[in-house]
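Could you build all of it, start to finish, from the sequences and the hints given here?
With the UniProt record's numbering as the guide, the letters of the sequence shown map in order to residues 1 to 264.
Think of the hints as simulated: they come from the structure by calculation, not from any bench. A portion of the hints provided could be inaccurate.
Unchecked claim - Subject to a maximum C-alpha distance of 25 Å in a straight line, what follows is the list of computed DSS-like cross-link-like pairs (lysine-lysine):
#, residue 1, residue 2
1, K81, K96
2, K168, K110
3, K96, K110
4, K110, K134
5, K169, K134
6, K134, K81
7, K110, K26
8, K134, K96
What the hints assert, rightly or not - Pair ranges (Cβ atoms, derived):
#, residue 1, residue 2, range
9, S65, S16, 23 to 29 Å
10, V241, L21, 49 to 55 Å
11, D85, A44, 34 to 40 Å
12, A66, E39, 22 to 28 Å
13, R172, S65, 19 to 25 Å
14, A19, Q196, 50 to 56 Å
15, V236, A44, 50 to 56 Å
Yeah, the Cβ is synthetic: ideal placement off N, Cα and C, and Gly gets one too.
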Amino acid sequence: MTTIANTRPVGDQLASKLAYLTRVLKTPTIGRTWDTLAEQAREANWSHEEYLAAVLERQVADRESAGTTMRIRTAHFPAIKTLEDFNLEHLPSLRKDVLAHLATATFVPKAENVILLGPPGLGKTHLAIGLGIKAAQSGWSVLFDTATNWIDRLARAHHGGALEAELKKIRRYKLIIIDEVGYIPFDTDAANLFFQLVASRYETGSILVTSNLPFGRWGEVFGDEVVAAAMIDRLVHHAEVLTLAGESYRTRARRELLTKDRDK
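Here's what the structure looks like:
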């Protein structure tokens with residue numbers, strides 16, 4: 001079997017040709033690393049197949065990394081918050097095995113939903129962003145916004161006669177995150193738009209929702225118990241519902257900060 005060790009280092013002419021070919025193929029990582037990997041291959045006595053695999057793996061890894069970076073950037077997260085940075089100690093009610101399963105993002109290709117319920121300050125938005133980042137890292141397109149901003153977006157499209165086009169555009173995202181449902185009540189028109197957003201993704205795209213209110217009080221938010229019930233029915237049909245309970249994350253952080261200040 002021929003190995004890289006049996007070959008000589010390439011000359012300037014071949015190096016120029018390889019630089020040209022990698023530009024044409026739009027494989028800049030190969031263009032930057034083929035010579036270094038070739039040297040490693042000669043020293044380690046790789047076969048040609050092993051060298052080719054190493055070069056292609058480096059290109060694929062860089063391309064996937066760039067894709068992840070782009071998906072996270074275009075998701076419009078308000079901040080970068082990871083699940084690894086989340087302190088689970090103040091949420092004993094949150095099952096770690098369930099969160100670990102959701103972190104695999106396997107719910108996204110199945111068009112399943114995730115609902116995070118609980119009072120303010122428990123870290124629902126942090127968890128939502130963290131799960132969104134995991135989905136982006138798994139290759140899925142994600143879009144994040146608050147409930148009021150989602151309604152504003154749909155209202156503008158509706159007034160411009162482009163609501164269906166806007167809903168179709170949103171359906172291109174495999175996961176949308178609707179944060180802070182329940183903080184501000186909706187009027188009838190807004191509730192109808194929200195229902196259309198949820199209905200348009202039923203069994204076709206994933207939704208992650210955070211809310212400070214239990215489902216029993218969603219009628220207060222949408223001003224209509226029937227609309228709220230229909231919306232909840234579509235959301236929970238294929239969903240993991242997590243009800244969070246525990247000490248406020250913000251309250252605990254403030255108390256720890258005050259304790260540190262007193263200890264100085």
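Here is how each hint holds up against the structure:
1. Distance restraint check for K81 and K96: the Cα-Cα separation of roughly 18 Å lies within the 25 Å cut-off, and the hinted pair is therefore satisfied.
2. With a CA separation close to 19 Å, the supplied pair K168 and K110 stays within the 25 Å bound.
3. Distance check on the hinted pair: K96 and K110 sit about 21 Å apart at the alpha-carbon level, within 25 Å; holds.
4. A hinted pair counts as satisfied when its Cα atoms are at most 25 Å apart, and K110 with K134 qualifies at roughly 15 Å.
5. For the suggested pair K169 and K134, the alpha carbons sit about 22 Å apart, so the restraint of at most 25 Å is met.
6. At most 25 Å may separate the alpha-carbon atoms for a hinted pair to count; K134 and K81 meet this at roughly 11 Å.
7. As the CA atoms of K110 and K26 are separated by approximately 33 Å, the hinted pair breaks the 25 Å bound.
8. A C-alpha spacing of about 16 Å is found between K134 and K96, which places the hinted pair at or below 25 Å, so the restraint holds.
9. Our hint of 23 to 29 Å for S65 and S16 holds, since their Cβ atoms are close to 28 Å apart.
10. For V241 paired with L21, a C-beta distance near 53 Å keeps the hint of 49 to 55 Å intact.
11. At roughly 38 Å, the beta carbons of D85 and A44 sit within the given window of 34 to 40 Å.
12. The hint said 22 to 28 Å for the Cβ distance between A66 and E39, and at roughly 25 Å that hint holds.
13. Evaluation of the 19 to 25 Å hint for R172 and S65 yields a pass: the beta carbon distance comes to about 22 Å.
14. Taking 50 to 56 Å as the suggested C-beta distance range, the pair A19 and Q196 conforms, at roughly 52 Å.
15. For V236 paired with A44, a C-beta distance near 55 Å keeps the hint of 50 to 56 Å intact.
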